[in-house]
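A.B. asks: Protein chains in written order, with my numbering: chain H, 1 to 288; chain S, 1 to 288.
Note that these hints are calculated values from the structure, not bench results. Treat the hints with caution; some may be incorrect.
[Unchecked claim] Only part of the chain S face toward chain H is listed, based on derived beta-carbon distances under 8 Å:
1) F17
2) I29
3) A33
4) T40
5) R41
6) M78
7) L80
8) Q240
The beta carbon of each residue, even a glycine, is placed where N, CA and C say it ideally should be.
There are 2 protein chains.
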Amino acid sequence: MRTVTPDNITEVFQSYFGPDTDPRFREVIGSLATHLHAFTREVGLTHDEWRKALEALEWAAKITTPERNEFVLLSDVMGLSSLVDMINSRQGATSSSVLGPFHVSDAPPMEIGDDMRGDFDDEVLLVEGQVRDADGNPVPGAEIDIWQTAPNGLYSSQDPDQDIMSFHGLMTADENGRYAFTTVRPVSYTVPTDGPVGEILNAAGRHPWRPSHLHFIVKAQGFRDLVTEVFPADDPYLDQDTVFGVRSDLVMTYKPQPAGSFPDGFALSGKVDGPFARVDFDFTLVRN
Amino acid sequence: MRTVTPDNITEVFQSYFGPDTDPRFREVIGSLATHLHAFTREVGLTHDEWRKALEALEWAAKITTPERNEFVLLSDVMGLSSLVDMINSRQGATSSSVLGPFHVSDAPPMEIGDDMRGDFDDEVLLVEGQVRDADGNPVPGAEIDIWQTAPNGLYSSQDPDQDIMSFHGLMTADENGRYAFTTVRPVSYTVPTDGPVGEILNAAGRHPWRPSHLHFIVKAQGFRDLVTEVFPADDPYLDQDTVFGVRSDLVMTYKPQPAGSFPDGFALSGKVDGPFARVDFDFTLVRN
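In isolation and in its complexed conformation, chain H is listed as follows (with noise of 0.2 Å):
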């Protein structure tokens, strides 16, 4: 008979797939397995540390929700999110990042020019660009979702205070690509530190902030959905996200323009006096 063993078991899980298994889940099935059997060999992983393991799985389990899952948490502060986006960018595209857990469903639609402060008088940012090919041809009719925290740090979900689609808004680019909007600075926020990523984290001596963010999906026809988030240079976490989003190019530089300078064509046009900040993000999509 065959007796399993630390050295075989690797080979011995191979050999328990069916003939018929779909080769890519072979594949993924396979690999992951022999992975987990080589980190746990290597650490020489005791009982006790197996156990908690478990018990921050179950801890996971009990705490998770539609608007709060743990487990997607734990992937994203593992670097798992991240480089899942990060292979699956396309070459030449604008570089994609986590989508994370705030977006919604059928956000307003908002006219070029439009404003997404509502209650907010924080200061105004003008934040514009352009949608383009990889060949640098603007990309006309670009469809472009856009999400980011108020400035108390919150996603209008995680808010009683704010309605439900307070800072997502769908905007359409026009026949240049171009989309602009006003809104104010989104801000650091920490992710969840109530459940056994908080524990991760502190035993780690890691930090639970995210640098602040603008989330965009930005889509047209014939070319690949790109999902990703714009971080400002002169963010103190721009270098230690905790869930390992930013990527060089993602990084935009807020420009403060003076007093008596706001710009015509935008729904605030003459309602702003005093200085605001302006950020110009461009888009490079490849096709499908």
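Position chain S against the provided structure of chain H, taking the given hints into account.
C.D. replies: The following block gives chain S in isolation, referenced to the frame of chain H:
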């Protein structure tokens, strides 16, 4: 600034650890991240596959209860539980094997020679043996915790028709380390297949069967606890245990005994007229 890439994300992950992190925590979590990142890159995990993995964890979360832990089962069928058992086994001791979810605390005490069959009148199996140290000397008074399936393939906690202590017992070996009891043959059974683990086994073309086995925990003062299982040599699933629990030194042989040969010194002595089976299994403990 530093940009995160598929090639440096593991290094970035390691750089996030704080200076005061417990070295063992850092070793385990650092190695886990390294291997999960390598897996993700190696197979080029897609967003769809990542989402399916997250959905499997959420499904496991939904069906996990104190009596049915799908995360433990996932670890079992991936070979992780068994690998942890093996790498923590001590040289010179009887191999350890999966504890499983069916152990109960405070099993009822049994005298040497007692019978476990309860209301089941299947053919008698006489189990006996000796607990020894690594030099072959008897370990007097070792405590032996025993449990198994009923002939219907169910453990007591799975079967409303059985008392919760049915086929569970706690025996103290004699001054020569000897133990003996009568029972019925345990039977092969399937792990639960109505959750994500069942789907994974099905997609992998794997069966959900475990070879039949007797469970033992053997403890003695000054020795390391032994958690193990013992399997009959003629079980059809011996080479294909779906949780990888079989080791060559854990295989036993049922020896058929003729009618009229049942020995003295047992609770059933004088009550067994027909043929019965006999098995001898010795345990070796190593000192702490």
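A.B. asks: A separate judgement is required for each hint: does it hold in the structure or not?
C.D. replies: Now the hints, each set against the structure:
1. F17: 5 Å, holds
2. I29: Holds - the Cβ of I29 of chain S comes within 8 Å of chain H, reaching about 6 Å at its closest.
3. A33: Because about 6 Å separates A33 of chain S from the closest Cβ in chain H, which is inside the 8 Å limit, the hint holds.
4. T40: 5 Å, holds
5. R41: 6 Å, holds
6. M78: 6 Å, holds
7. L80: 6 Å, holds
8. Q240: Because about 7 Å separates Q240 of chain S from the closest Cβ in chain H, which is inside the 8 Å limit, the hint holds.
Hint check: no violations occur; every hint is consistent with the structure.
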